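Chains as they are written, first to last, in the numbering used here: chain R, 33 to 531; chain B, 2 to 325; chain W, 37 to 313.
A portion of the hints provided could be inaccurate.
Facing chain W, from chain R, some residues (calculated, C-beta under 10 Å) [claimed, not checked]:
# : residue
1 : S104
2 : S128
3 : K352
It is worth saying that the hints were derived from the structure and are not from the lab. Since the structure is predicted, the reported quantities are computational estimates derived from the model, not experimental observations. In this text, a Cβ means the ideal position worked out from N, Cα and C, and glycines have one as well.
So the chains spell out like this:
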Amino acid sequence: MSEKEPSLPALTLPTDSLSLPRRSLLTGAAALGATALYAPNIARAQGKEAHPLAGKSIHMSILGVAGWLPSSLGVDMSPDFAKYVKDRYNYDVTFSFAGAPFGALFQKAATSLATKSQEYNIIISDSQWLGALATPKWIVKLNDIIAKDPALNIDWYAPVVRAAYQVYPDGTDNLYGFPQVGDVEGIFIRKDWLEAPGEADAYKAKYGTPMPMTWEDFEKMDLDDWKKLVAFFNRPEKGYYGIAMQYSREYDAVSCPLISFIRSMGGDIWDPKTGQVEGIMNTPLNAKAMELYKSMLQWNPPGALNYFIAEVVDAFTQGKVFAAWQWVATGATMVPDALKGKVMVVPPPGFKDASGKLNRNYIIGGQPWVINAFNDDAHMRVAFDFMRWWYLPETSANYLKRGGLPCDKATLTSPGFDDVYPWNRTYKYMLQRSTDFWHDPRYAEMLATQQEGWTGYMTGQLKNPAHVLDYIACRQQGILYDEGTADKAPSGACNGIRL
Amino acid sequence: MKPGAPATLSPSHDAPAARFAFWEDFTRFLGRREVLPLLLLLPVLIFFIVWNLIPTLWLLGLGFYRFSLTSGHPPRFAGLYNYRTILNDSGIWLDLSRTFLFVFFAVALETVLGMALGLLFWNSHRLPGRRIALTMLFAPMVLTPVASGTFWRLIYDPTFGVLNFFIRGLGFHSVDFLGNSSVAFGAVLAVDIWMWTPFMVLMTLAALASVPKAELEAAEIDRLAWHQRLRLIVLHHGKFILMLGILLRTIDAFKTMDLIYDMTYGGPGSTTQLVAMTLYRRAFEAFNMGFSSALAVILLLISIAFTATFIFVLHWRERREASP
Amino acid sequence: MRQTTWREHGYHALLWLVALIFFAPIIWIVLCSFKTADQILAVPPKLIFTPTVANYAKLFSSSAFPRELFNSAVLSVAAVVIAVAVSFLAAFSFSRFKPAGTNFLMFLLLSIRMLPGSAAILPVYLMYVAFGWKDSYAGMILFYAMFSIPFSVWILKGFIDGVSPRFDETGIINGASWLRIIARTILPQVMPGVIAASIFNFIFVWNEFLFNYIIGGLSTSNIPVALASGLYSNGGVDWTFISALTTVYIVPPILVVYFFQRYLLVGMTFGTVRGEV
Numbered sequence: 033m034s035e036k037e038p039s040l041p042a043l044t045l046p047t048d049s050l051s052l053p054r055r056s057l058l059t060g061a062a063a064l065g066a067t068a069l070y071a072p073n074i075a076r077a078q079g080k081e082a083h084p085l086a087g088k089s090i091h092m093s094i095l096g097v098a099g100w101l102p103s104s105l106g107v108d109m110s111p112d113f114a115k116y117v118k119d120r121y122n123y124d125v126t127f128s129f130a131g132a133p134f135g136a137l138f139q140k141a142a143t144s145l146a147t148k149s150q151e152y153n154i155i156i157s158d159s160q161w162l163g164a165l166a167t168p169k170w171i172v173k174l175n176d177i178i179a180k181d182p183a184l185n186i187d188w189y190a191p192v193v194r195a196a197y198q199v200y201p202d203g204t205d206n207l208y209g210f211p212q213v214g215d216v217e218g219i220f221i222r223k224d225w226l227e228a229p230g231e232a233d234a235y236k237a238k239y240g241t242p243m244p245m246t247w248e249d250f251e252k253m254d255l256d257d258w259k260k261l262v263a264f265f266n267r268p269e270k271g272y273y274g275i276a277m278q279y280s281r282e283y284d285a286v287s288c289p290l291i292s293f294i295r296s297m298g299g300d301i302w303d304p305k306t307g308q309v310e311g312i313m314n315t316p317l318n319a320k321a322m323e324l325y326k327s328m329l330q331w332n333p334p335g336a337l338n339y340f341i342a343e344v345v346d347a348f349t350q351g352k353v354f355a356a357w358q359w360v361a362t363g364a365t366m367v368p369d370a371l372k373g374k375v376m377v378v379p380p381p382g383f384k385d386a387s388g389k390l391n392r393n394y395i396i397g398g399q400p401w402v403i404n405a406f407n408d409d410a411h412m413r414v415a416f417d418f419m420r421w422w423y424l425p426e427t428s429a430n431y432l433k434r435g436g437l438p439c440d441k442a443t444l445t446s447p448g449f450d451d452v453y454p455w456n457r458t459y460k461y462m463l464q465r466s467t468d469f470w471h472d473p474r475y476a477e478m479l480a481t482q483q484e485g486w487t488g489y490m491t492g493q494l495k496n497p498a499h500v501l502d503y504i505a506c507r508q509q510g511i512l513y514d515e516g517t518a519d520k521a522p523s524g525a526c527n528g529i530r531l
Numbered sequence: 002m003k004p005g006a007p008a009t010l011s012p013s014h015d016a017p018a019a020r021f022a023f024w025e026d027f028t029r030f031l032g033r034r035e036v037l038p039l040l041l042l043l044p045v046l047i048f049f050i051v052w053n054l055i056p057t058l059w060l061l062g063l064g065f066y067r068f069s070l071t072s073g074h075p076p077r078f079a080g081l082y083n084y085r086t087i088l089n090d091s092g093i094w095l096d097l098s099r100t101f102l103f104v105f106f107a108v109a110l111e112t113v114l115g116m117a118l119g120l121l122f123w124n125s126h127r128l129p130g131r132r133i134a135l136t137m138l139f140a141p142m143v144l145t146p147v148a149s150g151t152f153w154r155l156i157y158d159p160t161f162g163v164l165n166f167f168i169r170g171l172g173f174h175s176v177d178f179l180g181n182s183s184v185a186f187g188a189v190l191a192v193d194i195w196m197w198t199p200f201m202v203l204m205t206l207a208a209l210a211s212v213p214k215a216e217l218e219a220a221e222i223d224r225l226a227w228h229q230r231l232r233l234i235v236l237h238h239g240k241f242i243l244m245l246g247i248l249l250r251t252i253d254a255f256k257t258m259d260l261i262y263d264m265t266y267g268g269p270g271s272t273t274q275l276v277a278m279t280l281y282r283r284a285f286e287a288f289n290m291g292f293s294s295a296l297a298v299i300l301l302l303i304s305i306a307f308t309a310t311f312i313f314v315l316h317w318r319e320r321r322e323a324s325p
Numbered sequence: 037m038r039q040t041t042w043r044e045h046g047y048h049a050l051l052w053l054v055a056l057i058f059f060a061p062i063i064w065i066v067l068c069s070f071k072t073a074d075q076i077l078a079v080p081p082k083l084i085f086t087p088t089v090a091n092y093a094k095l096f097s098s099s100a101f102p103r104e105l106f107n108s109a110v111l112s113v114a115a116v117v118i119a120v121a122v123s124f125l126a127a128f129s130f131s132r133f134k135p136a137g138t139n140f141l142m143f144l145l146l147s148i149r150m151l152p153g154s155a156a157i158l159p160v161y162l163m164y165v166a167f168g169w170k171d172s173y174a175g176m177i178l179f180y181a182m183f184s185i186p187f188s189v190w191i192l193k194g195f196i197d198g199v200s201p202r203f204d205e206t207g208i209i210n211g212a213s214w215l216r217i218i219a220r221t222i223l224p225q226v227m228p229g230v231i232a233a234s235i236f237n238f239i240f241v242w243n244e245f246l247f248n249y250i251i252g253g254l255s256t257s258n259i260p261v262a263l264a265s266g267l268y269s270n271g272g273v274d275w276t277f278i279s280a281l282t283t284v285y286i287v288p289p290i291l292v293v294y295f296f297q298r299y300l301l302v303g304m305t306f307g308t309v310r311g312e313v
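Bound conformation, chain R alone:
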């Protein structure tokens, strides 16, 4: 079934040629939907392309992360999309945006999707939720769409982009998401304080080694070097501290940096192939990582035990800390006008392995777009158009300019990328050195257990890190075994274990 190509695109609404596909649309013929996807490819010669939705007006709603710049950028740029489809396909699109903070976003999405509603057509989901959203078939499996449309089959900058934002279950080829923003952990430092006269000499006098000054210097630093640096700048009597890090119980605040420590030191939190947690999570190495992370508290401002993203932003922008361990996607907020030119963003510490090489294996942040499986054909079509538009080079460039972080190789390897914003270079560097959490549908329970145990240790409520790890491992093993992901049940040592 092919569609007539209109000869005078702008002047007449080719209603006759559309009556057949419109009827088919209304009766929801999936086949036509698939064929309609070919239409732009066929009619690409003309400026305006035949499109089943031409002349229509569609309203799309996006659910995203409230108060999160990259997420709101996706929405702020939607008028560009509306203009694009109006010019190219001749239909109108309006958008509405709903949001919730990270800790509450999954609830909002899940409680809505559980009703099979179209309340949110496109959702910006955190990468960990892919399993939880895909397993009940609430989001669209994208393999066929991507296969049919080369514009959506993008060359990503690093393999982790596909693994973290698109694939579920881990290790398979099933794709469920389109990367919306890439995010990595970095450290923002006050370059102006670093370069203040007298500091470098005082540092050299105190430690005998020169103070790191350039990005390259920081790349070579391990945790001990960082400890020296933040201790040096830890001056409570002057009203500021060495570093702000995240220790909060909320969402994944303490888990992300701590798992980064664990993995960089050579440990891990589970085996993705067998779903085994016990024996991998509760190891002496991980206990050591916990102690190391806790030891950084002495150079944090008081109150760091409750720090999550927003609190670190406040601490850094108010000049209360020299350095801040933070997601680089918050860059635009971390560097307001008052701090422009005074901030440098560097990679977080490496960890020396047995051969003395610096290892970095950090947790990746970032969110993918996912598409509501219950969208009707019209909304589905617009959603795919949106994705196609999102990955156009000009959109990516615009996104980057406004402070967003695309993930495709073309944009990231373009000349001058590093200079657009102070955090871009670290972003590219860390993107190749980051891996993700589990994508398991029961991730929320796993995360809650982990957070409870780890924050209990960080706040001093629990004293023995090994015991905390045993508890977490047992619980997570139980959850995964229950779910069917793990082969083995929790061992006998887990009976009656309590924090």
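With chain R held as given, fit chains B and W onto it using these hints.
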């Protein structure tokens, strides 16, 4: 109003007498002693059945299944699996005991403070701007908990908060109220007390109002000491309302969640994790519906047991005093 | 009029001090709403500053705010009106006719108030999902009404108990229908109870977050949900937004408490007092 006359004159007198008679009979039927009570109760019964009874039965039933909204499996019957898991979960019992502690201290302190302030404000009719002062006193109750929790977080903040500013001014180090595991529980408790003491003040004022003035004057004439006046007259008469206030506050304190959600999210560690928060996380974070239903049923039984005991004691004392 | 003694002055000052102590955090919130973000976070805390109305301007020009405020108002008022009306009828029935199972039913009514919010909303959420009532005004209003009914029934029953049955008998002798009796003789006497119940329930629904968050949605979200969702802005806490919105939002309940204070105080006596408090 003449008996039997129609309430309004029908415009046309050929309105069939039969229709009018039917309506009159119907109204009289509705007014009969057997029908009217039930009729008046009907709306509440409908509400109760649809939004209370059916959901409770649903909870009861769902507690016997293993069902996670995100797992993609349909609910699987599991008998007492959820209940057994809860009974074996020491974490939940810890949360429960923590909740009891919280409720006990919150209600006790709010009652004592509320009564003291209520007595203070009693007979303050000559206070200039009394209405404004009382409105200011009652304001914490009417602030939405989301806002309370968020702003108290700022007030408690060790770096930016007002409280710590004063503490540092007095020469001490900043106290991390919400991050220090030995202090956080008390800090959250303090905010709850700030919010709900006005409620107990209100109940106290109401209770004091129910004390007959005649007896008070007689006590003054008889020159009874103030604590005797308090015990024999004020408490004697105001007891019922006070106890009702305590009951309401206890029930609500048991359910505290909004405040914790915004202030500490159950942390640091789990020092402020109360059962309502546990339930919320299991139900709407992990979406483990079966488990949460079982937990909800257990919490309901605890609440019912407590309330039943309380009301029984209340009525028992009432009956004891009513009988000559 | 006797002169106020020094002792009385001291007493009044103490009362005002107590009131101010309790009100202080709210004063702080109102002050913050006129500050910029940097001023809010400033240490030492700024008491003297140049106020700005930029936060309010931004709030009122946002597209979501009017709708959410409207939702808050509509949900509160509708739920309270329904709940109080229905509770009144039921309380009247319990009080005058004492049908079998009165005490049992009154106790059962209280049971929904005993459940933590998540427990109460869990089955209702599943029920609403099954019937497609999520994010519907009717669904939310009726659920809020259910939550307001127990308290209202208890208060109103107390008040109606306090109205002598003689009024009823006089009315019946004169041939009035029950409706007239209720409207003309009972209702005016239990007005404090009606108003107290209305106020408490209004404030409850006005400030309610969890239920609206779970069973509400795009079209029925109220302001507490907006507060929780708008907590962060581009990564940092949006203090200006929260303080402005909170200040605006607390005004109606405060006004209600101010103007209806007498009824509130009398109402909470559950009917044992019907005069001035």
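Interface hint compliance - S128/R to chain W, C-beta minimum distance less than 10 Å: Status holds, d = 7 Å.
Chain W contact restraint on S104/R - CB to CB distance below 10 Å: Since the shortest Cβ distance to chain W is 7 Å, the answer is holds.
Chain W contact restraint for K352/R - C-beta distance below 10 Å: Hint holds; K352/R Cβ to chain W Cβ min 9 Å, cut 10 Å.
Every hint from the earlier list agrees with this structure, and none is contradicted.
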